[in-house]
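Asker: For the record, the sequence lines run as chains A and B.
Positions in the first sequence are counted from 1; adding 2 to them yields our numbering.
Positions in the second sequence are counted from 1; adding 519 to them yields our numbering.
Derived from the structure by calculation, the hints contain no laboratory data.
Note that CB positions come from ideal geometry on N, CA and C, so glycine has one too.
Certain hints may be false.
Said to hold, decoys possible - Pair by pair, the computed Cβ-Cβ distance ranges are:
1. A:Leu-444 x B:Asp-589: 52 to 62 Å
2. A:Gln-131 x B:Asp-589: 11 to 21 Å
3. A:Trp-438 x B:Asp-589: 22 to 32 Å
4. B:Asp-620 x A:Glu-49: 41 to 51 Å
5. A:Leu-440 x B:Thr-605: 17 to 27 Å
6. B:Thr-622 x A:Gly-86: 48 to 58 Å
7. B:Thr-622 x A:Glu-49: 24 to 34 Å
8. B:Arg-624 x A:Thr-63: 52 to 62 Å
9. B:Asp-620 x A:Leu-71: 22 to 32 Å
10. B:Thr-605 x A:Leu-71: 22 to 32 Å
11. A:Gly-86 x B:Thr-605: 35 to 45 Å
As the list claims (entries may be wrong) - Here are some chain A residues the structure puts well away from chain B; computed CB gaps all over 12 Å:
12. Gly-296
13. Arg-311
14. Arg-464
15. Thr-627
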Amino acid sequence: MFLWRQLGYGLRNLAHRTKREREVAEEVEQYFEEAEAAWRARGLSAEEARRAARLEAGTMTAAKERVNLYGWENAVRSFAGDLGFAGRQLRKHPVFTATATLTLALGIGANTAIFTVVQSVLLAPLPYQEANRLAVLNTHWTNSGRTSPRVTGLDGVDVREQARSLEAVSLYSGGTLGVQLHDHSVYTELTFVDANFARVFSLQPVAGRLLTDGDAHRAALVSEQFARDNFGGAQAALGQMLHVENEPLEIAGVLPAAFDFPAKTQVWAAYPMRPESQSRTAFNYKAVGRLRAGVSFQTAQSELDGISRRLEMAYPDANRHKQILTLPLEKAVTGNVRPTLLLLWATVGLILLIACVNVTHLQLVRSMERQREIAIRKALGSSGWQVMRPVILESLLVSVLGGLAGVLLAFPAVHALVAMAPKELPRAEEIHLNGWVLVFTLGLAVLTALVSSLLPALRAARVDPAGALKYDASRGMTRHGAAKLRDGLVIAEVSATFVLTMGAGLLLHTMMTLAARDVGYETRPLLVVDADAPAHTEADSHRAVEQFNGLFTQLAAVPGVKHVAGIMGLPMGNYGSNGYYKTRGGLPVESGHDASSDFSVASPGYFETMEIPLKRGRDFNGQDTYESPFVAVISESLAKQSFGDADPVGKQIQCGLDSDKWMTVVGVVGDVRQDSPAENPGPTLYMPMTQHPFFGNQIHIVLRTEVKPLALMNTVKEKIAGVNPFIALRFTTMDAMVNKSLAVERFRAALITSFAGVGLLLAMLGVYGTMAYSVAQRTFEFGIRMAFGAEKGAILHTVLEHAAKLACYGIATGLVLSLLLARLVTSMLVGVRPTDPVSVGVAALLLLLTALAAAFVPGWKATHADPMAALRAE
Amino acid sequence: MLLFLSMTEANTDVIQGTLDMLILKTLSLEPMHGFGIARRVEQISRGVFKVNPGSLLTALQRLERAGWLDAEWRQTENSRRAKFYTLTRTGKKQLESETADWTRRASAIARLLKAEG
Numbered sequence: 003m004f005l006w007r008q009l010g011y012g013l014r015n016l017a018h019r020t021k022r023e024r025e026v027a028e029e030v031e032q033y034f035e036e037a038e039a040a041w042r043a044r045g046l047s048a049e050e051a052r053r054a055a056r057l058e059a060g061t062m063t064a065a066k067e068r069v070n071l072y073g074w075e076n077a078v079r080s081f082a083g084d085l086g087f088a089g090r091q092l093r094k095h096p097v098f099t100a101t102a103t104l105t106l107a108l109g110i111g112a113n114t115a116i117f118t119v120v121q122s123v124l125l126a127p128l129p130y131q132e133a134n135r136l137a138v139l140n141t142h143w144t145n146s147g148r149t150s151p152r153v154t155g156l157d158g159v160d161v162r163e164q165a166r167s168l169e170a171v172s173l174y175s176g177g178t179l180g181v182q183l184h185d186h187s188v189y190t191e192l193t194f195v196d197a198n199f200a201r202v203f204s205l206q207p208v209a210g211r212l213l214t215d216g217d218a219h220r221a222a223l224v225s226e227q228f229a230r231d232n233f234g235g236a237q238a239a240l241g242q243m244l245h246v247e248n249e250p251l252e253i254a255g256v257l258p259a260a261f262d263f264p265a266k267t268q269v270w271a272a273y274p275m276r277p278e279s280q281s282r283t284a285f286n287y288k289a290v291g292r293l294r295a296g297v298s299f300q301t302a303q304s305e306l307d308g309i310s311r312r313l314e315m316a317y318p319d320a321n322r323h324k325q326i327l328t329l330p331l332e333k334a335v336t337g338n339v340r341p342t343l344l345l346l347w348a349t350v351g352l353i354l355l356i357a358c359v360n361v362t363h364l365q366l367v368r369s370m371e372r373q374r375e376i377a378i379r380k381a382l383g384s385s386g387w388q389v390m391r392p393v394i395l396e397s398l399l400v401s402v403l404g405g406l407a408g409v410l411l412a413f414p415a416v417h418a419l420v421a422m423a424p425k426e427l428p429r430a431e432e433i434h435l436n437g438w439v440l441v442f443t444l445g446l447a448v449l450t451a452l453v454s455s456l457l458p459a460l461r462a463a464r465v466d467p468a469g470a471l472k473y474d475a476s477r478g479m480t481r482h483g484a485a486k487l488r489d490g491l492v493i494a495e496v497s498a499t500f501v502l503t504m505g506a507g508l509l510l511h512t513m514m515t516l517a518a519r520d521v522g523y524e525t526r527p528l529l530v531v532d533a534d535a536p537a538h539t540e541a542d543s544h545r546a547v548e549q550f551n552g553l554f555t556q557l558a559a560v561p562g563v564k565h566v567a568g569i570m571g572l573p574m575g576n577y578g579s580n581g582y583y584k585t586r587g588g589l590p591v592e593s594g595h596d597a598s599s600d601f602s603v604a605s606p607g608y609f610e611t612m613e614i615p616l617k618r619g620r621d622f623n624g625q626d627t628y629e630s631p632f633v634a635v636i637s638e639s640l641a642k643q644s645f646g647d648a649d650p651v652g653k654q655i656q657c658g659l660d661s662d663k664w665m666t667v668v669g670v671v672g673d674v675r676q677d678s679p680a681e682n683p684g685p686t687l688y689m690p691m692t693q694h695p696f697f698g699n700q701i702h703i704v705l706r707t708e709v710k711p712l713a714l715m716n717t718v719k720e721k722i723a724g725v726n727p728f729i730a731l732r733f734t735t736m737d738a739m740v741n742k743s744l745a746v747e748r749f750r751a752a753l754i755t756s757f758a759g760v761g762l763l764l765a766m767l768g769v770y771g772t773m774a775y776s777v778a779q780r781t782f783e784f785g786i787r788m789a790f791g792a793e794k795g796a797i798l799h800t801v802l803e804h805a806a807k808l809a810c811y812g813i814a815t816g817l818v819l820s821l822l823l824a825r826l827v828t829s830m831l832v833g834v835r836p837t838d839p840v841s842v843g844v845a846a847l848l849l850l851l852t853a854l855a856a857a858f859v860p861g862w863k864a865t866h867a868d869p870m871a872a873l874r875a876e
Numbered sequence: 520m521l522l523f524l525s526m527t528e529a530n531t532d533v534i535q536g537t538l539d540m541l542i543l544k545t546l547s548l549e550p551m552h553g554f555g556i557a558r559r560v561e562q563i564s565r566g567v568f569k570v571n572p573g574s575l576l577t578a579l580q581r582l583e584r585a586g587w588l589d590a591e592w593r594q595t596e597n598s599r600r601a602k603f604y605t606l607t608r609t610g611k612k613q614l615e616s617e618t619a620d621w622t623r624r625a626s627a628i629a630r631l632l633k634a635e636g
């Protein structure tokens with residue numbers, strides 16, 4: 003009630019200010035008239051009565067003023083007045099306003115854009131029901147410290163059955179697979195899930211039903227998108243048949259388009275609750291679970307620790323040192339990008355700091371210009387707060403302008419970021435500007451206003467009227483404190499920019515190292531075809547391999563094709579396997595520490611096609627059939643790991659890929675970097691497709707071409723469709739695959755480099771501003787020196803030397819800071835040390851040049867100071 | 520807003536604590552304009568309390584905003600337009616509670632002084 007009345011009166015008075023003043027005036031006048039009348043009634047003359055009234059009650063003006071001042075609305079009015087004043091001041095100094103606004107817009111825009119990504123990816127909860135209760139299971143080895151994001155089928159089932167803190171546990175597996183529809187086949191992200199999957203995520207189908215345990219190998223769920231693309235709609239998709247690995251599946255339900263787990267999955271095919279892999283050493287599954295309400299991850303983990311210990315006792319061989327870990331799904335989904343995003347966040351933070359320093363700088367220059375004005379106001383009795391208020395309001399206004407411009411900049415920036423982001427960036431489709439981001443930006447704008455106006459405002463408050471009125475910089479008198487402060491700001495700015503540039507240098511150098519790296523094979527020109535031939539039974543697999551072999555011969559005859567081969571386990575490819583192997587006649591191994599290796603299954607001619615050098619022995623050939631003795635080719639690393647300096651050709655090797663037959667090593671080839679150019683070359687065991695048909699139906703066909711690889715796409719597609727139209731196909735080039743594998747590194751390097759560019763631009767502005775200002779202040783001094791015959795070169799030299807000195811201090815500080823911060827990026831560097839001298843050198847040189855370039859224009863102006871004009875200006 | 524209010528109140532006269540009560544008491548007899556209130560306070564207190572128009576008119580604004588007074592422009596007996604203040608119902612209640620409070624304090628102080636004497 004009271005508040006409302008206060009608000010009402012105040013607003014009415016704000017709206018009708020003159021009316022209120024008139025009323026107050028009338029009331030006061032009436033009061034005085036009555037007072038005079040009272041005195042007259044006691045017998046005083048009119049003149050005496052007036053004097054008596056004044057004597058008793060003070061002046062009318064004072065009374066009016068006092069009454070008018072009552073009310074909260076007066077505080078609002080004086081604030082509005084100051085704001086208006088600040089606005090007018092900004093309009094009067096357009097260069098200052100534009101520079102400061104733009105600088106802040108860059109800083110705030112970059113921060114808003116990155117924060118948008120950080121908020122959407124790292125901070126916003128996952129778009130699932132009660133997502134904070136979703137957990138994943140990992141397997142951790144306490145002896146080696148290694149952690150795998152997978153579990154074995156039996157361990158998973160034990161956890162599901164014993165862990166009381168988990169409401170439901172679902173095992174799933176899958177990847178990119180060919181899915182056959184009634185007349186064609188498509189490559190799709192496909193996940194095999196058990197009936198618990200929908201329980202874990204609390205899913206509701208948009209059409210049809212969820213999966214039950216009885217659906218295993220019979221039914222599947224598809225995404226709304228998949229239903230629309232292939233059947234025209236969710237309802238139309240129900241009851242339709244899919245074939246996956248030659249197994250017919252009926253579409254039982256359609257999941258909402260918003261559900262996207264595991265990322266990009268379109269088809270969820272039913273697997274039994276009881277996993278088919280009855281092993282505790284084959285990590286074939288991933289596991290998600292839902293914590294019981296009110297149970298913390300710590301509680302769940304201590305329960306899992308108990309289960310892990312029991313399993314270790316029950317299965318001392320398979321489960322030795324094994325610990326099942328649980329962690330929030332959110333962490334599992336976004337964990338990989340967290341360091342990169344945090345690095346980017348820190349980087350834009352630095353940019354904002356540089357922008358703030360720049361604005362502080364501009365403000366300082368402005369406040370020094372109006373030092374006389376402030377001095378006069380103080381001399382007339384303004385308090386410290388009163389002279390600080392316009393300074394702070396001015397920066398607040400500039401920051402709000404900058405913030406608005408920043409948000410406008412952020413829209414296209416976020417768009418570009420998402421477009422540029424590597425495919426691996428999780429939750430990319432959820433990224434958008436929202437309320438949180440705007441609140442963040444607003445907070446940032448206010449913060450920058452405070453930070454950038456702090457120094458100028460304090461200086462304004464400290465102005466000593468007498469001193470300030472005496473000093474006049476334009477007459478060649480400078481106050482040393484002021485110049486020192488400005489120099490300090492430039493040094494701070496240069497050092498922050500150095501840190502940025504250095505970081506960019508390290509990441510760019512990493513990129514260059516990776517791009518120039520020998521990966522062990524020739525990437526260009528190489529056409530890669532992902533080919534998935536449907537196969538379910540052993541006979542299917544043999545037929546698929548036979549078909550592929552026939553295809554290779556046909557494709558080799560296509561004009562423009564030099565060599566053709568098939569491979570399961572292509573570097574950076576979709577399919578691959580690895581595991582332990584044993585040798586006969588090799589180096590002894592400690593028990594329980596079998597040697598491990600990547601496994602690849604290849605057709606004859608693979609090494610020739612990829613240009614992987616054959617070091618010893620022979621390649622596979624037509625005589626290596628399913629019936630003939632099993633053979634293998636090993637990489638140099640494997641030879642070294644298991645056979646030392648002995649010749650491995652003729653030795654025996656065995657692995658658990660699909661059969662335990664011993665294989666004779668027939669050749670040794672060069673090493674390749676398997677997962678990305680960032681990896682070290684490691685051991686690989688190659689086996690012929692004909693002898694491992696189970697791994698021979700999902701392969702990459704590689705074609706070494708004489709023409710542009712993609713130009714052959716249509717011909718190759720026709721040839722393959724001619725042999726079997728149900729082979730799902732996808733085309734790419736090896737070059738593109740290598741590129742894609744470096745997407746994260748490239749994204750990081752590109753962003754940090756562009757931020758460093760912005761930093762350099764801001765630093766340049768900062769140095770330019772200081773130099774221009776100090777040259778303008780010293781025009782008188784330069785004029786005198788020129789009048790006494792100083793060389794132009796000498797004057798230019800003075801200015802440039804000053805700039806160079808500041809830059810060197812800044813670089814030195816920045817170098818120390820970079821070394822302190824270097825460990826933050828160590829994990830992102832490949833082949834480059836955090837103290838990389840090339841990066842240090844380039845960054846230092848770049849900053850020095852930037853500073854000199856920025857100082858050159860003011861310096862050149864100084865040499866053109868006309869002595870007469872400078873003196874006459876007095 | 521509250522901050523500002525407290526600032527204004529801190530600025531008023533020494534008789535701040537009692538001025539509001541005196542105004543309310545005066546107005547409980549009949550509606551009056553500013554000078555009328557000042558004269559009445561002075562007369563009844565036999566010149567002990569002199570009221571300054573700045574403080575008085577500000578206090579009137581405050582009391583009006585608090586809802587204890589109503590204000591209205593009317594003609595005086597010598598046909599001059601003046602702002603007349605009337606006590607509202609909440610104003611009456613406020614006067615009662617302030618009077619009770621004041622009496623309690625005053626008698627306590629009086630007792631103390633007597634004991635000292």
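Asker: Confirm or reject each hint.
Answerer: Hint check:
| no. | hint | verdict |
| --- | --- | --- |
| 1 | A:Leu-444 x B:Asp-589: 52 to 62 Å | violated (43 Å) |
| 2 | A:Gln-131 x B:Asp-589: 11 to 21 Å | violated (59 Å) |
| 3 | A:Trp-438 x B:Asp-589: 22 to 32 Å | violated (48 Å) |
| 4 | B:Asp-620 x A:Glu-49: 41 to 51 Å | holds (45 Å) |
| 5 | A:Leu-440 x B:Thr-605: 17 to 27 Å | violated (50 Å) |
| 6 | B:Thr-622 x A:Gly-86: 48 to 58 Å | holds (51 Å) |
| 7 | B:Thr-622 x A:Glu-49: 24 to 34 Å | violated (45 Å) |
| 8 | B:Arg-624 x A:Thr-63: 52 to 62 Å | violated (37 Å) |
| 9 | B:Asp-620 x A:Leu-71: 22 to 32 Å | holds (29 Å) |
| 10 | B:Thr-605 x A:Leu-71: 22 to 32 Å | holds (25 Å) |
| 11 | A:Gly-86 x B:Thr-605: 35 to 45 Å | holds (39 Å) |
| 12 | Gly-296 | holds (42 Å) |
| 13 | Arg-311 | holds (62 Å) |
| 14 | Arg-464 | holds (26 Å) |
| 15 | Thr-627 | holds (93 Å) |
When each numbered hint is compared with the structure, violations occur for hints 1, 2, 3, 5, 7, 8.
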